[in-house]
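K.L.:
Using the hints provided, position chains B and C relative to the given structure of chain A.
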Amino acid sequence: MDASNLVFFTLATLLVISSLLVVLLRNVVHCAMALVAALLIISIFYVILQAPMVGVLQVLVYAGAIMVLFLFVIMFLNPAPQQQSGVWLGFSGLLALLLGGVLTTLLTKAERAADPVASTVLFGSPEMLAKSLFGDFVLPFEIASVLLLVAIVGAVVLAKRERRS
Amino acid sequence: MVPLNHYLILSAIVFAIGVLGVLARRNLIVVLMSIELMLNAVNLTFIAFSRFLGSMEGQVAVFFVMAVAAAEAVIGLAIIISVFRHRQSLDPQEMQLLKW
Amino acid sequence: MIVDFAIIAAKAFLVLFMVLNLAGILGWIERKGSALIQDRIGANRASIFGFAGLGLVNTLIADPLKFLTKEDFIPPAGDKFLHTLAPCMALFTALVAFAVIPFGDVINIGGHAINLQVANLNVGILYVFAMGSLGVYGIVIGAWASNNKFSLLGGVRGSAQMISYEIAMGLSVMGILMVYGTLELQEIARGQGTLIRDLLPQSLGFLQPVIGWLPAWGIFLQPLAFLLFFTAAVAETKRIPFDLPEGESELVAGYHVEYSGGKFLMFFAGEFAEIVTAAGLVTTLFFGGWQVPYLLRDGFHFPWGSQWLLPHLAVVGLQVGAFTVKVLFFCWLQILLRWSVPRFRYDQVMRLGWKMMLPLALVNVMITAFVILAAQ
Chain A
1 MDASNLVFFT LATLLVISSL LVVLLRNVVH CAMALVAALL IISIFYVILQ APMVGVLQVL
61 VYAGAIMVLF LFVIMFLNPA PQQQSGVWLG FSGLLALLLG GVLTTLLTKA ERAADPVAST
121 VLFGSPEMLA KSLFGDFVLP FEIASVLLLV AIVGAVVLAK RERRS
Chain B
166 MVPLNHYLIL SAIVFAIGVL GVLARRNLIV VLMSIELMLN AVNLTFIAFS RFLGSMEGQV
226 AVFFVMAVAA AEAVIGLAII ISVFRHRQSL DPQEMQLLKW
Chain C
266 MIVDFAIIAA KAFLVLFMVL NLAGILGWIE RKGSALIQDR IGANRASIFG FAGLGLVNTL
326 IADPLKFLTK EDFIPPAGDK FLHTLAPCMA LFTALVAFAV IPFGDVINIG GHAINLQVAN
386 LNVGILYVFA MGSLGVYGIV IGAWASNNKF SLLGGVRGSA QMISYEIAMG LSVMGILMVY
446 GTLELQEIAR GQGTLIRDLL PQSLGFLQPV IGWLPAWGIF LQPLAFLLFF TAAVAETKRI
506 PFDLPEGESE LVAGYHVEYS GGKFLMFFAG EFAEIVTAAG LVTTLFFGGW QVPYLLRDGF
566 HFPWGSQWLL PHLAVVGLQV GAFTVKVLFF CWLQILLRWS VPRFRYDQVM RLGWKMMLPL
626 ALVNVMITAF VILAAQ
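Sequence lines, in order, name chains A, B and C. Just so you know, we're using the working numbering here: the first sequence kicks off at 1 and counts up by one. Just so you know, we're using the working numbering here: the second sequence kicks off at 166 and counts up by one. Just so you know, we're using the working numbering here: the third sequence kicks off at 266 and counts up by one.
FYI, nobody ran anything at the bench for these hints, they're computed from the structure. Any given hint could turn out to be false.
So, partial list: chain A residues that the calculated Cβ filter (under 10 Å) puts toward chain B [stated by the list, open to error]:
(1) 12
(2) 20
(3) 32
(4) 70
(5) 79
(6) 88
(7) 89
(8) 100
(9) 129
(10) 133
(11) 145
(12) 162
Example chain A residues on the side facing chain C (calculated, C-beta under 8 Å, incomplete) [to be verified]:
(13) 29
(14) 36
(15) 37
(16) 52
(17) 53
(18) 56
(19) 59
(20) 60
(21) 63
(22) 65
(23) 68
(24) 75
(25) 125
(26) 126
For glycine and all other residues, C-beta sits at the position ideal for the given N, C-alpha and C.
Pulled out of the complex, with its shape left as it was, chain A reads as follows (with noise of 0.2 Å):
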């Protein structure tokens, strides 16, 4: 068990630790908050795995706007704490863990080979990163923008208390 194998089954219990608080905790704000330690965790991934622009956009964009929504609309409706059915959780439980063994019986048994192709120091910096984005993926691109303004008027749209006139 060398260093790098002993960081990823650390960093992975707590990452699957995270994301079971996540589900299972009543509280819903100490949800949020364990969703935020599974994508800072996730974002560790990201830089382990040679790819520091995605990770540093996912603790800004994801991390650090998107879950800061989520705080502001949980705080914003107060809701109060409900009561979980031990059925519905059974049941879910197990279609659940089906769902994981499917997965990773699909995803594991392609025959490729074991060693990751050698990439350059370039590899997932912001300049290649900006070279495929403004390059090959220019279309997409500017059509994510176009989404995210007509998220915007949807939101302020769908948000906005009814005026009584």
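P.N.:
Okay, now just chains B and C, sitting in the frame of chain A:
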């Protein structure tokens, strides 16, 4: 170097936990958070493959998934807010008007 | 291998030590400086054997001791875990953001080339912004866990203000990124070593005797970006004039009203650490970082031709000293700002961030783009 299968098994586990959250929780916000968890598991798979195949396309895919997930979270939360205004509840079991 | 690890650990401890100490000293400068501005004496009562050290004993020894020995109070209906987690998040993100700020050039000691920067990430400045967005959690969670309406109000205001000004900060830095062509802070600091006359295009050659002798610092190339960035950084740290989230006279200390003792000290120290980080960023991006004008690796090379060669360690010492002086200047400027201007109203803060700074930052990016294209 950690083999690719380890990463794939990890994301399968996180994805399954997300599915558990969507099916089992009776709070719309936690359901939305579980969906985000599933999206992140998929992102991890993309990045792992991108590293092991040496192609930047996986990271570009993750970039777009993040943008779309942001948009979807925003709209989902707006919908939850307007639903809460009507029903004063966040329990998906209580929103059965459209059931047959 | 072990030497590399030891070098990195030494750099990390050094930076952490310096930032925390500077945070403490800034507390003292704030108290004494505000006393000078307001024509009073300030804290001078605590003394050891009659030595009061101009209030240093009071601020640096008596106050921390007082904070640390106070009762740790968690509101009964508040969330215990989150109440303790919030100041930790605020302090942690404020401290680690300093990891990418270079405080000197590469130093050669005993055959090792040590880059005087804790972590030379290739995403450089984005890391600082990421830590800034994590800092919002300290506020939001702290406000929520206190189970107090004033706290919640202050926390929501604070977090909305922080996320609004993150956008203005990021966009104002875009001009600098375009000019120096890199995200890495050490490269940006190095790029400010050239003189403007090396960057001027042929068409603007007539400007050479006027500004060509200036070093290519960010403040000369992007003055508007400096103003926007400095304002946004002050707003991010929630200092006056943007401190309505903790408005002492209006919101009963806002989101940290229910915190006492060690946790309040963490929030307090986190705020001063953010001042240091903001000053560090402003120096690195706009004022040359560790660059001394005309000082190259082997000595001074003045534009009028004369030289003054210096040994390597003297050069490095001068550069680290220059960085320290610049950071101290910007910390002092932020403290001076606090005690000189009144506080913005909350809707004025939001209007400034979204309707004035965001369009100005975009205009800055467009002008920079035109100038860069025209110069080629």
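K.L.:
Work down the list of hints and note, for each, if the structure agrees.
P.N.:
Okay, the hints, checked on the actual structure:
1. 12: holds, 5 Å
2. 20: holds, 6 Å
3. 32: holds, 7 Å
4. 70: Status holds, d = 7 Å.
5. 79: holds, 5 Å
6. 88: Check passed: Cβ of residue 88 of chain A comes within 5 Å of chain B, closer than 10 Å.
7. 89: Holds: closest Cβ of chain B sits about 5 Å from residue 89 of chain A, inside 10 Å.
8. 100: holds, 3 Å
9. 129: holds, 6 Å
10. 133: holds, 6 Å
11. 145: holds, 8 Å
12. 162: The hint holds - residue 162 of chain A has a Cβ within 10 Å of chain B, the shortest such distance being about 9 Å.
13. 29: This interface hint holds because 6 Å falls under the 8 Å limit.
14. 36: holds, 7 Å
15. 37: Violated - the Cβ of residue 37 of chain A stays beyond 8 Å from chain C, reaching only about 10 Å at its closest.
16. 52: holds, 5 Å
17. 53: holds, 6 Å
18. 56: Interface hint status for residue 56 of chain A: holds (5 Å vs cutoff 8 Å).
19. 59: Since the shortest Cβ distance to chain C is 4 Å, the answer is holds.
20. 60: holds, 5 Å
21. 63: The hint holds - residue 63 of chain A has a Cβ within 8 Å of chain C, the shortest such distance being about 7 Å.
22. 65: holds, 6 Å
23. 68: holds, 5 Å
24. 75: holds, 6 Å
25. 125: Hint on residue 125 of chain A: holds, closest Cβ of chain C at ~5 Å, below 8 Å.
26. 126: holds, 6 Å
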